[in-house]
Amino acid sequence: MTTQAAQSEQPLLSVQNLKIRIQMDNGEMKAVDGVDFEIHKGKTLGLVGESGCGKSLTSRAIISINPKECETSGSIVYRSDNEASLKKLDLLSLNPTSKQIRSIRGRKIAMIFQEPMTAFSPMYTIGNQIMEAIQIHRTKNKKEAKKIALEMLAKVGISDQEKRFDQYPHEFSGGMRQRAMISMALSCNPEILIADEPTTALDVTIQAQVLELMRSLQAELGMAILLVTHDLGIIAQMCDEVAVMYLGKIVEQAPVKEIFYNPKHPYTKGLLKSMPRLGGDKSKRLDSIEGSVPMPINMPPMCGFYERCKDRIEGVCNTQAVPKTRISDQHSVRCFLYSEQREGESQ
Amino acid sequence: MRTMPVFRRQKTEAPQPVKIKDANYSSQWRLIYLRFKKHKLARISLFILAFLYLIALFAQFIAPYGLQSYDSKYVNAPPMGFRFVDAAGKFHIKPFVYELQSTRDPETMRKIFVSNTEKRYSLQFFVKGEPYKFLGLIPTSTHLLGVEQPGRIFLLGTDGMGRDLFSRIILGSQISLSIPLVGVAISFVLGLIIGGISGYFGGWLDSIIQRIIEIIRSFPTLPLWMALSAAIPPRIPVVTMYLYIVIIFAFIGWTDLARVVRGKFIALKNEDYVIAAKIAGVGNTKIIVKHLLPGFISYLVVATTLAIPGMILGETAMSFLGLGIRSPATSWGVLLQEAQKIENVALYPWKLIPLGIVILTVLTYNFLGDGLRDAADPYKK
Amino acid sequence: MLQYILKRILLVIPVVLFISFIVFYIIQLPPGDYVSNYSAKMSAAGDVMTPVEMDEMRANLGLDRPIYEQYFVWMKKIVTKGDFGFSFNYNKPVTAVIKQYMGLTLVVSLVTMVFHYVVAIPIGIYTAVKQYTAGDYFFSGLSFIGMATPNFLLAIILMYLSYTWFGDPLLGLFSSEYVNAPWSMDKVLDLMKHMVIPVIVIGLASTADLIRIMRGQMLDELNKPNVVTARAKGLSEFKILFKYPTRAALNPIVSTFGWSLSSIFTGATITAIVLNLPLQGPVMYNALLGQDMYLAGSWLLFMALLTVLGTLISDILLAWLDPKIRTEFRGN
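In the order they appear, the protein sequences are chains E, R and D. Just so we're aligned: 70 in the numbering used here is position 70 of the first sequence, and the numbers increase by one with no gaps anywhere. So the mapping is simple: the numbering used here equals the position in the second sequence, first residue as 1, plus 347. So the mapping is simple: the numbering used here equals the position in the third sequence, first residue as 1, plus 728.
No wet-lab data here; the hints were simulated from the structure. The model shown is predicted, which means the values in this text are computed figures rather than measured ones. Even glycine gets a Cβ: it sits at the ideal position worked out from N, Cα and C. A few of these clues could be false.
Here are some chain D residues the structure puts well away from chain R; computed CB gaps all over 12 Å [said to hold, decoys possible]:
hint : residue
1    : D775
2    : E784
3    : D811
4    : F872
5    : E905
6    : S964
7    : L1037
Listed next, the in silico DSS-like pairs over lysine-lysine satisfying Cα-Cα at most 27 Å (straight line) [said to hold, decoys possible]:
hint : chain 1 : residue 1 : chain 2 : residue 2
8    : D       : K1052     : E       : K163
9    : E       : K68       : D       : K858
10   : E       : K146      : D       : K971
11   : D       : K858      : R       : K387
12   : E       : K142      : D       : K921
13   : D       : K952      : E       : K19
14   : E       : K99       : D       : K971
15   : R       : K385      : E       : K30
16   : D       : K858      : E       : K143
17   : E       : K163      : D       : K971
18   : R       : K688      : D       : K971
19   : D       : K827      : D       : K735
20   : D       : K967      : E       : K99
21   : E       : K142      : D       : K1052
22   : D       : K921      : E       : K99
23   : E       : K99       : D       : K735
24   : E       : K41       : E       : K68
25   : E       : K147      : D       : K967
26   : E       : K142      : D       : K971
27   : R       : K385      : D       : K952
Quick list of simulated restraints, FRET-style, between CB atoms [to be verified]:
hint : chain 1 : residue 1 : chain 2 : residue 2 : range
28   : D       : Y865      : R       : S469      : 43 to 51 Å
29   : D       : W893      : E       : K140      : 48 to 56 Å
30   : D       : I795      : R       : V585      : 26 to 34 Å
Please put together the full structure from these sequences, using the hints given.
Have a look at this one:
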């Protein structure tokens, strides 16, 4: 399998023990609490979870664009495979306003956002905003930059580019805007594309088009994608590997088939059950996970899913931090149901 | 908002799970109250304002002297604080003041005041003084503060006619603090009715009202105030004068509120729940009172509060120029007239004290309005 | 676009006409008229006017006719001849009186206008970017106090300070030796020196206000996703700040242009009275008190016109600056 071959390579990006804390009036919120994952060349990693689980913060931490209030620790090592100067670099060690991180943002690691309307400034033309990235990273020459921008617009399937180039975001439809956003992100041939809920704000048909576009561009340009979403359907279509996030932690991580056919964590199972299925029994109600996500403020060491879990073990799950358990080479889970070291029981 | 869920939550909701539960079940007003409580400056301001209005309410009782009581012996006397320790270093349990004696400065030949340490007058509470009506009802002559006869106490000095500034500031606060309130109350009612009609019914009525508002707003406020105030006939009773001024302020002030009301009406009119009520056959009045008003009354309170400082400053300016409140009535602006001459400020700086009070009042109203706005609309930071 | 501007200008005309009528009505309101004022003045000087003389004088000045007739005569002259009537106090045509004071009034107002933008916008940006720092608290506190201080009294305080520090209260706009002197470099310098206090005083309230507005707008804009997008593109913080939030925050500021213009002109009125500046303010004040109705009326009309024009300019600028409105015109 190709996945096997890819895994053996050095990852493009490896995130280790990423923690993001936010100081609040009534304590410290552990928004992201010890996240590890790797992104490989040409592959797509899906980061899935409910809103508020820290997936957006995690993705933004990679290029240090979180608000000042977020205290970030851990390491995010980036290995460029074609540039010697960027051989091995811990992105977190860089000052978020430094030139070095800025030379990576947009050029090596680009990002697209959920709301293409607000992600573009209404004050400038689409062309102006696309050209900006090109002019920082690729060429100072305005004519050349415009040429590249027009090519990119064509590549994402926007016709009549010359005219579109001079239009403002409000003159674009939602799907068109997201296409423009993708063309902007890909205009400097990044090695990694971070897509933060790229299709959430779009209609279903447009959603499919945009996803298809991302896939074909990935095949053409060979970049890796980190896809942040709450939608398992999108994960199934797009990803090679999936990391399920809950309350600031990755609770399960596996290749996409494993997640769908052999889920381990009760939360993952719950998520899958709450997905509508074609040909399923329509008279039956969809399962839902009861309760809501608690706020991770001043949480004692315990499983964050404890309150909502059907299979919880009292005295174990709510008394200690959950370690990561390897199910197989590529499948890991944070749950005491699969852990050999249940301290609570052995005592 | 969606893009950064964790971060936004911190700002918009009370983070403790328990509190969130509370918030879910609280009424709109309770929510506003909870948020307002968090705004420290606004809370302090509310206390200061309450204190100021309380003083104004009992002004005649608190002020040692009446509005027109003067003593030509004590023209432009400086403030005298009460003391506990006398010139000989002896401590007295009862605070006292020394008698003021006017002499001439040997160098500048200007009249100055020195304390006569021979004559000591103790501070007294509930002294008999000029008769007045307590709260305008009960005739009495008891004042909160005073000194032994024949001594005199000028806590904040006197003016060019030998009138006690402290008493006059307190008595003037009755007018200075109430004009904006009454003015704003009238604008509130006018704005609510006219803006409501304009916004709810729309159509040609709306167009006409909008044109009228536009025209009134085209007048720069101050010159219009000046022009209208100049039209107040001289030598009219204080009450009439007061009414004239209040009406002038309200006449100009209501347009802002009407615009707020109209905007909110238009926005809310098309909300699903209002349309649902309409389809269900609920009458106009009931829709307005039950569904529309609660939706924006908090905004209106905020807009009203924020309109008050402008009125205070306007009244002060008009009275200062002699176009507003005139003698025999007094307001802070009238008191500041004496500060118009730079020599007065240079020689008798205490004449600027009313300015400090004006600034304090306007500041507290601004803070209060800010606090209310944040409380009423937490999402708009 | 041109069509839009023309339409807006045409809409102004009825508004101005209506305003002119209200103005005329208002200046009629005070009891008595110029003649009764004049006769009171004369009798104080020992020259008692008989009722017949007074009526004659009224007939001469056209004051015996009904209000609406007087209004139409006034309006007709304005429209046909540009004649705004006669100032009784100055014994000169109103236009001559206004012309005499207009130059300096414009200079002081425009300098104040520039001052208030130049000071307020950078401070607004600074306090938003450095929200909740000592600098923010300092400037925000200052702007709150600025908003709460009646500017005429600030004038007195500044005059007093200038008097105690420099031995010169800087009254008026010129030192006595320059008042009637022809324009020279020294006179200009003298004027600039004397303009410091008036400009600060007149501009204070609107500057403080603008700081608050700019700060609020910037805080809104700084939290918008397009700033994050710009950052993700690799732009420097400096460039992001000026290209995105600042540019967007300036839009609503532009819409307050008309308001600022008239507030600065009115602010100048009281300040000019207190500081005894040779500007329109004191002239207007005396005209109102002395029932010099054509002068007062013309001046009020002018002020209202200024507000209307200011709003018009704001609207046009806004239409021109906001891509959403601009593209609508392009589409048509």
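Structure-based check of each hint:
Residue-level check passed: D/D775 sits 23 Å from the nearest beta carbon of chain R, beyond 12 Å. No Cβ of chain R approaches the Cβ of D/E784 within 12 Å, the least distance being about 26 Å, so the stated non-interface status holds. At the 12 Å boundary, the C-beta of D/D811 stays outside the reach of chain R, the nearest C-beta of that chain being 22 Å off. Not every CB of chain R lies more than 12 Å from the CB of D/F872, the least distance being 6 Å, so the non-interface label is violated.
Remark: the non-interface label on D/E905 is consistent with the geometry, its nearest Cβ contact in chain R lying 21 Å away (cut-off 12 Å). Residue-level check passed: D/S964 sits 22 Å from the nearest beta carbon of chain R, beyond 12 Å. Non-interface status of D/L1037 relative to chain R is broken: a Cβ of that chain comes within 12 Å, the nearest being about 10 Å off. Restraint check for D/K1052 and E/K163: satisfied, since their Cα atoms lie roughly 16 Å apart, inside the 27 Å limit.
For a cut-off of 27 Å, the pair hint linking E/K68 to D/K858 stands: about 12 Å separates their Cα positions. Simply put, E/K146 and D/K971 have alpha-carbon atoms about 19 Å apart, close enough for the 27 Å limit, and the pair holds. Between D/K858 and R/K387, the direct Cα distance comes to roughly 21 Å. Compliance with the 27 Å bound is thereby established for this hinted pair. For the suggested pair E/K142 and D/K921, the alpha carbons sit about 48 Å apart, so the restraint of at most 27 Å is broken.
Of the pairs offered as hints, the one joining D/K952 and E/K19 holds, with about 25 Å between alpha carbons and a cut-off of 27 Å not exceeded. In summary, the hint linking E/K99 to D/K971 is supported, as the alpha carbons are separated by about 18 Å, within the 27 Å threshold. For the hint linking R/K385 to E/K30, the alpha-carbon distance of about 24 Å falls within 27 Å, and the restraint holds. A distance of roughly 38 Å separates the Cα atoms of D/K858 and E/K143; the hinted pair therefore is violated under the 27 Å criterion.
Taking the CA atoms of E/K163 and D/K971, the gap is near 23 Å; set against the 27 Å cutoff, the hint holds. Distance restraint check for R/K688 and D/K971: the Cα-Cα separation of roughly 49 Å exceeds the 27 Å cut-off, and the hinted pair is therefore not satisfied. A hinted pair counts as satisfied when its Cα atoms are at most 27 Å apart, and D/K827 with D/K735 does not qualify at roughly 30 Å. As the CA atoms of D/K967 and E/K99 are separated by approximately 13 Å, the hinted pair is consistent with the 27 Å bound.
Restraint check for E/K142 and D/K1052: the C-alpha separation of about 25 Å stays at or below 27 Å, so the hint holds. Restraint check: the Cα-Cα separation between D/K921 and E/K99 comes to about 46 Å, which exceeds 27 Å; the hinted pair is violated. For the proposed pair E/K99 and D/K735, the alpha carbon gap of about 51 Å is over 27 Å, so the pair is violated. The straight-line distance between the Cα atoms of E/K41 and E/K68 is roughly 30 Å, outside the 27 Å bound, and the hint therefore fails.
With a C-alpha separation of about 23 Å, the suggested pair E/K147 and D/K967 falls inside the 27 Å cut-off, and the hint holds. At roughly 18 Å between alpha-carbon atoms, E/K142 and D/K971 fall within 27 Å of each other, so this suggested pair holds. A threshold of 27 Å between alpha carbons decides the hint, and for R/K385 with D/K952 the separation of about 25 Å falls inside it, so the pair holds. At about 44 Å, the beta-carbon gap between D/Y865 and R/S469 stays in the expected band of 43 to 51 Å.
A beta carbon spacing of about 53 Å between D/W893 and E/K140 agrees with the range 48 to 56 Å that was offered as a hint. Take D/I795 and R/V585: their Cβ atoms lie about 30 Å apart, and the range 26 to 34 Å holds.
Violated hints, in rising order: 4, 7, 12, 16, 18, 19, 22, 23 and 24; the structure is consistent with all others.
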